[in-house]
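Residue-level listing of the chains:
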Amino acid sequence: MKRLWASLDRLSVAPAAVTGVCGTRALLGFTGFMFYAGQYSDRRYLFGPDGVYPWRDFVQGLHDNETFSLLSLSASGLWFEIVFHMGLLAALAVMLGLGGRAVLVLHWALLWSVFQRQPLILDGGDNLAYLVLPMLLLTRCYDRFAVSFGLVRRWAPRVPGTLRAVTPALHNLGVAAIAAQICLVYVVSGLCKVQGRVWQDGTALFYVLRIPEFEWPGVSRLVYENDLLVVAGTYAATLFMVYFPLGVLVPRLRSWAAVGSIGLHVSIALLMGLTGFALTMVACDLVFLSRGLDNAVRAARRAGDRVRRAAERQLPWLSRPVGSITAGDAADRVTGGPDIERTGSTSVSEQAGRSPARTV
Amino acid sequence: MLLVGTALLGAYFFLAAFSQAPLNPEKVRYSGTVEEILSPYLSQDWQLFAPDPLADDRGILAQAFCADGETTAFYDVTTPYIRRTQNDRFFPSRMSRLVSTGLQSLQNTDPVLNRLRRWETEQKKPVLPPLPYEERSRDDTVRLLSRYALTQMPGVCEGRPQKIQVRVYVHELRPWSGRDDPAAKAKEPVHVEDLGWRKVSDLR
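Chains A and B, in that order, are what the protein sequence lines are. For the first sequence, the working numbering begins at 1 and goes up steadily by one. For the second sequence, the working numbering begins at 1 and goes up steadily by one.
Since the hints were made in silico from the structure, they are not lab data. All values reported here derive from a predicted model rather than from experimental measurement. Note that CB positions come from ideal geometry on N, CA and C, so glycine has one too. One should not assume that every hint holds.
[Said to hold, decoys possible] Partial pick of chain A residues on the chain B-facing surface, computed with a CB cut under 10 Å: (1) F35; (2) D123; (3) G124; (4) V194; (5) Y207; (6) E215; (7) L228; (8) V230; (9) M241.
[Stated by the list, open to error] So the derived label-pair ranges between C-beta atoms look like this: (10) A:D227 to B:M1: 54 to 60 Å; (11) B:A7 to A:A102: 23 to 29 Å; (12) A:T67 to B:W197: 32 to 38 Å; (13) B:G32 to A:D227: 43 to 49 Å; (14) B:V28 to A:Q60: 25 to 31 Å; (15) A:A102 to B:N87: 37 to 43 Å; (16) A:A311 to B:F13: 47 to 53 Å; (17) B:P40 to A:V307: 49 to 55 Å; (18) A:N65 to B:N87: 32 to 38 Å; (19) A:V223 to B:P40: 35 to 41 Å.
The following block holds chain A by itself, in its conformation from the complex (with noise of 0.2 Å):
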């Protein structure tokens, strides 16, 4: 009972994953991002008030499901436009880390909308990515990999004590809550993998890289037509999604589990043309790989650095210090980290006299 006492506190004071999911955010933001992107040619047949989907029927199904759409308070292509737009806009914002998480409840909000509009286009990441948004809002998603104008250490300050003290509780449960969300995909997928006729016999690959939709033209061919390959991927896929959330409670294990799940994501994407379902997966994978994430982020930070030195060396008056920044400062707007609160308004001209080595 104590040792379970112990792990709450420490739940309710030490947020976990914090670079894991400050990853999920900005590939989500990329993800929608390019959703927006890749209809943006079909967009006005796709979503438009004169779309293929009838407006009545739009609204009405609005009405059935209770629930809104941004796009229904107009019917005019100018507000259509506006709010196609906004969203782009949004995604890149929460790409970017920018705004926070009112941006991020916009861009909810407004890829709900376009979803509603046009509901036949839609996959399973498209379900993941809503499920997934409003669970980012408990978290600290924007303490890495976002662009900060120091606005949030200026508000700092103004936020009550009581909400700081439940932060890390609150991020601690987002991050559980996208945990479980992804589990209950794979063991929900697996375990109805498990059921099909094809999947047990081993040649499910074979009948699904066929299908023109998803095929690879020259290249699908060479998997599914390579009995052991088809036979292979198919117990793979099966076995590792039934097993998935068993591989990230074993703390051994749980890297290994993601990395398991990018490849197949990546195989997917790439041999299926699934690329907006695989990273929306991805994305959710990476709260499992936080740490890797860190190491991965200190290593470039290490690598950056030598190549800088080594620029120095060759070309010293990449060295003076006026009118640059410091290699730290650089690093960290975009790695974010705790030093960009402590020393985000700190003059290029101090920095450059305090670490003259670092500067480039």
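Following the hints, position chain B against chain A.
Relative to chain A, chain B alone:
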């Protein structure tokens, strides 16, 4: 705070998992209530190509009835977008899904009714006819497919067609057992179903 949050989260995941469970007596009894709670913002479907993935090439053709009384040949209004999807691997356009998902929703129905009709067919009993809401849903889908087809044939009947008819085709690809048999490719059957004519004035 953490305990309350965990309890709410637990309740949500219990309902979400329940909604994804296979058909069972409890699901038949409570699925309506659960769907009412989850729908629309928390509704989900994670079958993802399971249990039985699509295994054939499906699409639609369309023909028009012109003002001069002529009926045109069938136009392929599916393949152009399939080609476009195949040629773009990175976030391809989703236009092709209008047809593929539309065709799936022509056949989608309640899983309980599905099972009942399968049982009736096996027992060689009269099969339950489509219920009013199933007919309505099918009618909406046919209208959508016809409207899509109309927009894909802008020059047909010199731009003034009177009626549109959609033909659904299902090209059965050879099964695993026939993968190495060149003769099996030639024998891949194609099934067609002609949907009802739709007046263009009702589609615009």
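Query raised in the report: Which hint numbers doesn't this structure obey?
Result: Going through the list in order, the structure violates hint 7 alone and respects the others.
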